[in-house]
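Start from the sequences, fold in the hints, and give me the full structure.
Read off the chains here:
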Amino acid sequence: MVTTIDPENRPFVSEASVSVEIETEGMTLNIGPQHPSTHGVLRLVAKVEGEQIFNVEPVLGYMHRGYEKLAEVRTYPQVTTLVNRIDWVSGFANEIPFMAATEELMEIEVPQRALYIRLILTEMARICSHFVFNGAYPLEIGALTPLFYAMEDRERVLDLIESVTGGRFHPNFNRIGGIKPAAGAGPTTKKDIQDLPIGFYKETQLAMEKILAAADKFEDLVGGNEVFRARTKGVGVLPYDIASSYGVSGPILRASGVKFDLRSTTDYLPYKDLDFEIPIGENGDCYDRWYVRLQEIRESAKLVLQAIDAIPTGPLQTKVPKVIKVPKGEAYVRAENPKGEMGYYVISEGGLGPYRLKIRTASFSNISVLPWILEGVLIPDLLAIMGSFDFVLGDVDR
Amino acid sequence: MNDKMIQPETDSFFDEIANNFTNVSNDYRTIKISIKSSDWVSTITKLKDEHGLIFFSWLSAVDWTNEVVTGEPPKDKVEECFEILCCLSDIEYGNLVIVSTKIDKKNPTIDSLVDVYVGANWHERESYEMFGIIFEGHPDLKKLYLPDHFEGFPLLKSYELLSREVKPWPGEVDVEAMPDDESENKEQRKEE
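Respectively, the protein sequence lines represent chains A and B. Residue 251 in my numbering sits at position 251 of the first sequence, and the numbers go up by one each step. Count along the second sequence starting at 1, add 398, and that's the number in my numbering.
A couple of the hints might just be wrong.
[What the hints assert, rightly or not] Result set (BS3-like, lysine-lysine): computed pairs, CA atoms no more than 25 Å apart in a straight line: (1) B:K503 / B:K541; (2) B:K434 / B:K475; (3) B:K475 / A:K325; (4) A:K69 / B:K540; (5) A:K325 / B:K555; (6) A:K69 / B:K475; (7) A:K69 / B:K500; (8) A:K69 / B:K503; (9) A:K328 / B:K541; (10) A:K325 / B:K473; (11) B:K446 / A:K259.
[Unchecked claim] Under 10 Å between C-beta atoms, here's a sample of chain B residues computed to sit facing chain A: (12) I433; (13) A459; (14) T468; (15) I489; (16) G517.
It is worth saying that the hints were derived from the structure and are not from the lab. Predicted model only: the values in this text are computed from it and were never measured. Idealized CB from N, CA, C, for every residue including glycine.
Here's what the structure looks like:
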């Protein structure tokens, strides 16, 4: 699809036409929907003038699965299966706010040990998500090697998640009032207490030490690369006030210099008992967005190491009724997911399933800023900027 | 508890909101302000300018009705209306407010928030295609997820979920016995 743009009202004159005096016609460039540098199918309709973009319109909906409608015809325990698949790179972390919201409505106190296991697995999911980013982002701007290192290190964490939950990407491990008895922990009889697998703490410790070493390796390999720095520094600068009015959250907001992390302000998991830093960026450019996520890998690994030291003994489940009915009420619980703020607004009418479930996903709001940030950038920078937003289309389209 | 943690000022923040607005509730630690639809933009502007809620979290709607095609209907009689919800937050202490208003289903119109928060743009488009709510003053109110030729508003309670029409969900009937339940039963049978 090519449209001609009135040369009199051309918003940008490309440098080529100034220096070499070649007339460039404005045209509409369709990027996608097949996998334009990212995880899922997003289509961009970009109006370009030479190499410069002056208007971009994302076209969504290729992955729309209608989870909000599907949740209305399911019972509360069945919804967990759905929410796993929203952001499939960090499936476990998606379950937490839904569980917290439902438990808030049912006024259930979850045992500390279950909360700690949730915390450990959530931080592992964050490490997975950030490793995928750390592998995919250099790939998008031309460096192939980091991907292989990233996948190797992510596999260590996925193995640990699998050893506990039995699933790599979609654990479906949380239950209302606690967690499911862990996989691989002895015979499955009701009498034996099923807990974390034998040797889990030692394996985790070894893996986290390797993760910390891998983070250092990535800092040298990617951050020390001259080409990577040139492609990302000063590119795609996002001021914090623009970010917050678009609802951009998570590492992207922190890269713009805002020290705001829901893990430190809300108590959906026992983060207040543990010690961690909130890394922030200075310039809000692509490089900062990469660097904040790299540092978050370290903080998450440290959180896991602290949590396996501090984890209390005790039950994994509170007593809940066999058929779960949630009392009438409305609650919103949000959590700091790898991609940003994820929240569930649960409206219960006292039935077996939610009357309405509003799912607030991070990537949806994060990429709503794309038309603003891509205005006036060059096409090669489009990939650098889009990649730095680290969105998953399942998280955008729900 | 370590010193680095920022303590949420939820209690004092709730007092601040309760003193400045009427119809404020704080059930299940979710602060909710219920307002008239004519005060929609002015209230939200006030929250942004005077109470530091500069982060636009989300906007959505609820279809309140007793005539439900998919899912369970509410047990009590509810007033037929669309409830519009808007969630705002700050980016310092984690204070959060849900603003709610009710509009008539026969005339589902409300002022757009795009001039207050640019981020409302996509959320309003989503509510438009899912519920048919018209946001007046929206710069480009068209479908967001659904194809252009799609008919109907999927999140309305009167909209049938096609997969459930084709094959009804077995629900609780589907629950299979756990393997150890069977073994226990066998043991019991042996004992018997």
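To see whether the hints hold, each was checked on the structure:
1. A threshold of 25 Å between alpha carbons decides the hint, and for K503 of chain B with K541 of chain B the separation of about 20 Å falls inside it, so the pair holds.
2. Distance hint between K434 of chain B and K475 of chain B is fulfilled; the C-alpha atoms sit about 21 Å from each other, no more than 25 Å.
3. Taken as a hint, the K475 of chain B and K325 of chain A pair is honoured in the structure, with Cα atoms around 19 Å apart against an allowance of 25 Å.
4. Simply put, K69 of chain A and K540 of chain B have alpha-carbon atoms about 20 Å apart, close enough for the 25 Å limit, and the pair holds.
5. About 21 Å separates the Cα atoms of K325 of chain A and K555 of chain B, which keeps this hinted pair within 25 Å; it holds.
6. Between K69 of chain A and K475 of chain B, the direct Cα distance comes to roughly 22 Å. Compliance with the 25 Å bound is thereby established for this hinted pair.
7. Taking the CA atoms of K69 of chain A and K500 of chain B, the gap is about 21 Å. The hint holds against a cut of 25 Å.
8. Restraint check: the Cα-Cα separation between K69 of chain A and K503 of chain B comes to about 19 Å, which is no more than 25 Å; the hinted pair holds.
9. Restraint check for K328 of chain A and K541 of chain B: not satisfied, since their Cα atoms lie roughly 32 Å apart, outside the 25 Å limit.
10. With a C-alpha separation of about 13 Å, the suggested pairing of K325 of chain A with K473 of chain B holds against the 25 Å cut-off.
11. Between the alpha carbons of K446 of chain B and K259 of chain A the distance comes to roughly 19 Å, so the proposed pair stays at or under 25 Å and holds.
12. A cut of 10 Å between beta carbons decides the hint on I433 of chain B: the least distance to chain A is about 16 Å, and the hint is violated.
13. For the restraint placing A459 of chain B at the interface with chain A, the shortest Cβ-Cβ distance is roughly 9 Å, inside the 10 Å limit, so the hint holds.
14. For T468 of chain B, the interface hint holds, since its Cβ comes within 10 Å of a Cβ in chain A; the closest pair sits about 5 Å apart.
15. Among the interface hints, the one on I489 of chain B holds; its C-beta lies about 4 Å from the nearest C-beta in chain A, closer than the 10 Å criterion.
16. Checking G517 of chain B against chain A: minimum C-beta separation of about 4 Å stays under 10 Å; hint holds.
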